[in-house]
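For the record, the sequence lines run as chains A and B. All residue numbers for the first sequence refer to the numbering used here, where the first residue is 404 and numbers rise by one. All residue numbers for the second sequence refer to the numbering used here, where the first residue is 404 and numbers rise by one.
Same chains, same label: a pair holds when it works inside one copy or across any pair of copies.
Below, simulated BS3-like cross-link-like pairs (lysine-lysine); rule was C-alpha separation at most 27 Å, straight line:
{"no.": "1", "residue 1": "K410", "residue 2": "K507"}
{"no.": "2", "residue 1": "K522", "residue 2": "K491"}
{"no.": "3", "residue 1": "K406", "residue 2": "K445"}
{"no.": "4", "residue 1": "K430", "residue 2": "K514"}
{"no.": "5", "residue 1": "K574", "residue 2": "K530"}
{"no.": "6", "residue 1": "K565", "residue 2": "K581"}
{"no.": "7", "residue 1": "K410", "residue 2": "K565"}
{"no.": "8", "residue 1": "K514", "residue 2": "K491"}
{"no.": "9", "residue 1": "K530", "residue 2": "K464"}
{"no.": "10", "residue 1": "K491", "residue 2": "K464"}
{"no.": "11", "residue 1": "K581", "residue 2": "K514"}
{"no.": "12", "residue 1": "K574", "residue 2": "K408"}
{"no.": "13", "residue 1": "K408", "residue 2": "K514"}
{"no.": "14", "residue 1": "K445", "residue 2": "K408"}
{"no.": "15", "residue 1": "K530", "residue 2": "K410"}
{"no.": "16", "residue 1": "K507", "residue 2": "K525"}
Just so you know, these hints were derived from the structure itself, not from any lab.
2 protein chains.
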Amino acid sequence: MTKNKIKSSSYLFPRPVVLIGANISGKPNFEPLAYVSSVEDKPPLISIASYETHFTNIGIKENGTFSVNTPSEEIIVGTDYCGIVSGKEADKSEVFDVFYGELKTAPMIIKAPLNLECKVIKTLAIKDITGGEIGHELFIGEIVNAYAEEEYLTEGAPDISKINTFTYAMKQYWKVGKPLAKAWEVGKKLMTD
Amino acid sequence: MTKNKIKSSSYLFPRPVVLIGANISGKPNFEPLAYVSSVEDKPPLISIASYETHFTNIGIKENGTFSVNTPSEEIIVGTDYCGIVSGKEADKSEVFDVFYGELKTAPMIIKAPLNLECKVIKTLAIKDITGGEIGHELFIGEIVNAYAEEEYLTEGAPDISKINTFTYAMKQYWKVGKPLAKAWEVGKKLMTD
Numbered sequence: 404m405t406k407n408k409i410k411s412s413s414y415l416f417p418r419p420v421v422l423i424g425a426n427i428s429g430k431p432n433f434e435p436l437a438y439v440s441s442v443e444d445k446p447p448l449i450s451i452a453s454y455e456t457h458f459t460n461i462g463i464k465e466n467g468t469f470s471v472n473t474p475s476e477e478i479i480v481g482t483d484y485c486g487i488v489s490g491k492e493a494d495k496s497e498v499f500d501v502f503y504g505e506l507k508t509a510p511m512i513i514k515a516p517l518n519l520e521c522k523v524i525k526t527l528a529i530k531d532i533t534g535g536e537i538g539h540e541l542f543i544g545e546i547v548n549a550y551a552e553e554e555y556l557t558e559g560a561p562d563i564s565k566i567n568t569f570t571y572a573m574k575q576y577w578k579v580g581k582p583l584a585k586a587w588e589v590g591k592k593l594m595t596d
Numbered sequence: 404m405t406k407n408k409i410k411s412s413s414y415l416f417p418r419p420v421v422l423i424g425a426n427i428s429g430k431p432n433f434e435p436l437a438y439v440s441s442v443e444d445k446p447p448l449i450s451i452a453s454y455e456t457h458f459t460n461i462g463i464k465e466n467g468t469f470s471v472n473t474p475s476e477e478i479i480v481g482t483d484y485c486g487i488v489s490g491k492e493a494d495k496s497e498v499f500d501v502f503y504g505e506l507k508t509a510p511m512i513i514k515a516p517l518n519l520e521c522k523v524i525k526t527l528a529i530k531d532i533t534g535g536e537i538g539h540e541l542f543i544g545e546i547v548n549a550y551a552e553e554e555y556l557t558e559g560a561p562d563i564s565k566i567n568t569f570t571y572a573m574k575q576y577w578k579v580g581k582p583l584a585k586a587w588e589v590g591k592k593l594m595t596d
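Only chain A is shown next, with the shape it has when bound in the complex:
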């Protein structure tokens, strides 16, 4: 074995890409994020980690709501643009056409194939657990509603092969590849009884 110790970093390959939506002073703003994870099924919860200086965080804390929008390749330019330009410097409310759901304050992107409307149920400042001076804020949101157009669904559920989304790694976006094997199935080869 020739394992090298490499720079300690929170490596994860590849990361999903989502656009987080929040209203700031009544106007929609979006930021692309890859620090995102499902954390519970009943009720459905999702966590996002966003750096505390980001404009989006202001809106999430202002309203206690946010949206998680899964982009398609069709909106990759707008997605990336939202990661280059801060809402503090540019009005990003015109980048995407939006709609609102029952929470009223979580802007969702019409052209994104999948939208999750979320209510914050827990906020954790990472610096409070590390003792650092600045850092990410972890927001755990309950998915109050999920939305998708018919063309992205198979039997009522979002179908990744129709969504045409992408992932992130090494300062690049990557296509999702082909199916490789069935989960809870390919491993049966190792079962002895």
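Please arrange chain B on chain A, whose structure you already have, making use of the hints.
Chain B in isolation, oriented as in the chain A frame:
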């Protein structure tokens, strides 16, 4: 717009796949997880959400340590097997050859291209924030060390094009696709000044 309300679920496409390693009563055990996210860079932190009844959780809480192992296609059968069979019913300590780092209690998979050795700095029982009776436990770990063999690195950092890992969606594993566009670059098309 014809957005349908669909079943509320914590959709995220595609999710990364990692193998979480923990020692239980001194023996290594692994579980594949897709509820995983980076949450901080300085210091590097990663979060995992594992259902509280899982065997792995016992070991994480016993030692305050765990490992995050990025699988390659070469170990997809063992990865999936660990998700089918619980360590409560079968001894999974022989599925993979392991090594340990300075924490001594976080077993890491030699054949996994990338290993993160983690110390738990925060544990959050999701049921404590939802009021539910049972649920996932969210563990936030600091990456104390990261390990990879030379063949998976480019200029000292893990290279996704060498790792040959896979993702998870819709009860299947999926290949990582081709590079699509550069991040913080493709979006410049929308900049006006």
